[in-house]
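J.: Here is how the chains run, residue by residue.
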Amino acid sequence: MTKFGKREEGVVKLLSEASLRALSDSKTEQERFDGVFVANMGSGEFEGKTGIHNGLISDLALEPAFGTKVENTSGSGGTAFMLGWLSVASGQSDMVLVAGAEKMTSVSTDMATEIIATLTHEEEFKQGITLLSFAGMTARHYMERYGAPRDAIAKVAVKNHANGALNPNAQFQKPVTLEQVLTSPMIADPLRLYDFCPITDGAAALVLVPADRASSFTDKAVKISGVAGATDTHVVHERQDLTVLKSVKLAGERAYRMAGKSPTDIQVAELHDMFTLMEIILSEDLGFFGKGEGWKAVEDGLTERGGRLPINTSGGLKSRGHPIGATGVAQLVEITQQLQGRCGARQVRADVGLACNEAGFGNSAVVSILERV
Amino acid sequence: MSLTELTASMCSSCGHTTVYTHSRCPNCRGVGFVEVRFKEGRVLTYTILSATRPGFGRPLILAMVEFENAVRAVGQLDGAEPRTGSRVRVSHGQLSEKEGVISTGLKFVPAD
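Heads up: the protein sequence lines correspond to chains B and F, in order. Here this note's numbering = 1-based position in the first sequence + 17. Here this note's numbering = 1-based position in the second sequence + 17.
Simulated from the structure, these hints should not be mistaken for laboratory data. Computed from a predicted model, the values in this text were never measured in an experiment. Keep in mind that a hint or two might mislead.
[Unchecked claim] Simulated restraints, written as ranges between beta carbons of each label pair: (1) F/E85 - B/K308: 22 to 28 Å; (2) F/D95 - B/D127: 21 to 27 Å; (3) B/S233 - F/G49: 58 to 64 Å; (4) F/C31 - B/G304: 46 to 52 Å; (5) B/E310 - F/E114: 43 to 49 Å; (6) B/G61 - F/R54: 35 to 41 Å; (7) B/S125 - F/S29: 43 to 49 Å; (8) F/R54 - B/A228: 42 to 48 Å.
[Claimed, not checked] Calculated pairs, DSS-like style, for lysine-lysine (alpha carbon to alpha carbon, straight line, at most 25 Å): (9) F/K115 - B/K143; (10) B/K143 - F/K56; (11) B/K278 - B/K266.
Backbone N, C-alpha and C define an ideal beta-carbon position, used for all residues, glycine too.
Here chain B stands alone, though its shape is the one from the complex:
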């Protein structure tokens, strides 16, 4: 992956940079690729660019590999990964590049918020809804219903910044204190600036091959043992329970079944923490903790690097940054490198890892389970 943050390069150059690293890392520079899946939400809206997958293929001389852009809002990365896997698993491709990127700082923060808000229902959009407002409403509801203290939710940001501080590719490489989170500017009451992920440029990439080919390139190949997606209602208020994301729950159940694993088998996880509480909700919907109890796990330090289940060792969306199309791929890069033992100061012990990438406000989700071979 590239360094995340504010970058001068456009989206295709970012894709190339991350992809070249993936090719070099997997020793596949001179190999023939059959498929290229490029995750990106808004190259058209952010930069007025379309057909960026063909731009990438051309820049890296990957012709005649067939490519496509995959757009599933903030779940584009996980979705491209799932389609890349499908392409290899079906026998259509012997080698696939999955790359995700977003260039967001080409527009103002207001404009970026507006572009992202277009993923909501048109009637919601008309009311002034943003993803931030769903976050605020959900946080208040969760706190009132489960008695979760504000501090516990804020501690997700403290934890993820502590992890991001050890990730050279993270946008924010500095720790924050609980007090800094709780005194940062109010954004969507009760949530503050430091509860939210930032606006980010960046890219990430992975190479997928059939399992029986992997050992000819590396002795550290990681196996994709489960991957599945599911969709929840497009309209957030039509969900029976605001604190449950059915897309995540169902995608998780399917991925566990496919992998022959259960939540207790997972030893490291990257969860889509677009805001602090979302990490907690996902940790419940994926079965790591009971509903309404995920905040206690944060309080008890269970999700820190030294805890029972380290979550977002990369820093998460919160600290690594959230270049929309890149995020799902960056999550899988982190899980892969954790399983390969290449994460340096933030390395944890793990043989099985999970990534959960969410589109919109849980409108759709992809859950992937990776294993050390």
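We have chain B already, so just place chain F on it with the hints.
T.: Leaving out everything else, chain F in the frame of chain B:
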């Protein structure tokens, strides 16, 4: 259309009701609907947005309101300190003004 009533769409087959229309019922996939109206509901949750999109006032109070049969809607709340559980009624008013274009629609106001 009444400005003090919210029009929702009820499935003729199963009775499932949503404020936004669907081509097929989310519950039973039926394709026939009748209109039902709501006047008053309770605030299920809300947020006060300090960061709003261009054209929207700051701060902006957005509330998720629950009507009978757990039918919900999201909208701007005017004229009161928001509180979970408080009763609100349906109204109509300006939602945003962007480059001289005023958009109007559903608003919530205190019921009492």
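J.: Against the earlier hints, flag every one the structure doesn't satisfy and list their numbers going up.
T.: As far as the earlier hints go, 4 and 8 are violated by this structure, in ascending order.
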